[in-house]
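Sequence positions in the sequence shown follow mature numbering (1 follows the signal peptide of the UniProt record, and there is no 0) and run -16 to -1, 1 to 177.
These are calculated hints, taken from the structure and not from any lab test.
Don't take every hint at face value.
Said to hold, decoys possible - Pairwise CB distance ranges, derived in the manner of DEER restraints: (1) His95 x Asn2: 54 to 62 Å; (2) Thr86 x Asp56: 34 to 42 Å; (3) Ala12 x Gly48: 31 to 39 Å; (4) Thr43 x Thr82: 34 to 42 Å; (5) Ser31 x Thr86: 51 to 59 Å; (6) Gln91 x Ala12: 48 to 56 Å.
Don't be surprised by glycine CBs; every beta carbon is placed ideally from N, CA and C.
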Amino acid sequence: MLALVAASAFPAPAQAQNSFVGQISLYANSFCPRETAEANGQLLAISTNDALFSLYGTTYGGDGITTFALPDLRGRRAIGDGQGLGLSAYSLGQRAGTETVTLTLAQMPAHNHVGAMRAFPVDGSTTQPVRNFIARASAGANSYSSDTTSLVDMNAGSVSLMNTGDGQPHENRSPYLAMRWCVTLFGIYPSRD
């Protein structure tokens, strides 16, 4: 009775015979179904996978004599091969990209910062710089003043900014969700028509 309930509650699983040889499917579970293999770059024997080898060749690796490799999609995003309008060209099996990148100064847009310093042209009245202005140093090292009525611009000069990002890489990936890519090993051989 339990088998009858289970059979009617869950549809029959799709078999690899309904999939094309070489087809890659995404699974949310932690394993690849029967007659598929994880797209993790593993080497397969040509002698036991001749149909798949006839489609993949050595595009993803292997020696082409006894072995060939499956695509390695671990930590990678698949894109279409070829060249889209106004985009770069990509060859089948080409790998590129990086998880993080450190920008160089040449990659950052040019920019500058203007700074103006103002000072009080009389003897200072305090040693505290917080909320005060630079003044002439007076006896007792009072170099600051809180008076704002007689501020003057200091001599022209330049301001140098030294901090340029500390050379730390930044995240280069879009938001992601890790799942499992599986390659169909046996099934319908795809035709070109």
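Item to check | Violated hints, by number in ascending order, as checked against the structure | outcome: Checked against the structure, the hints that fail are numbers 2, 4, 5, 6, while the rest are satisfied.
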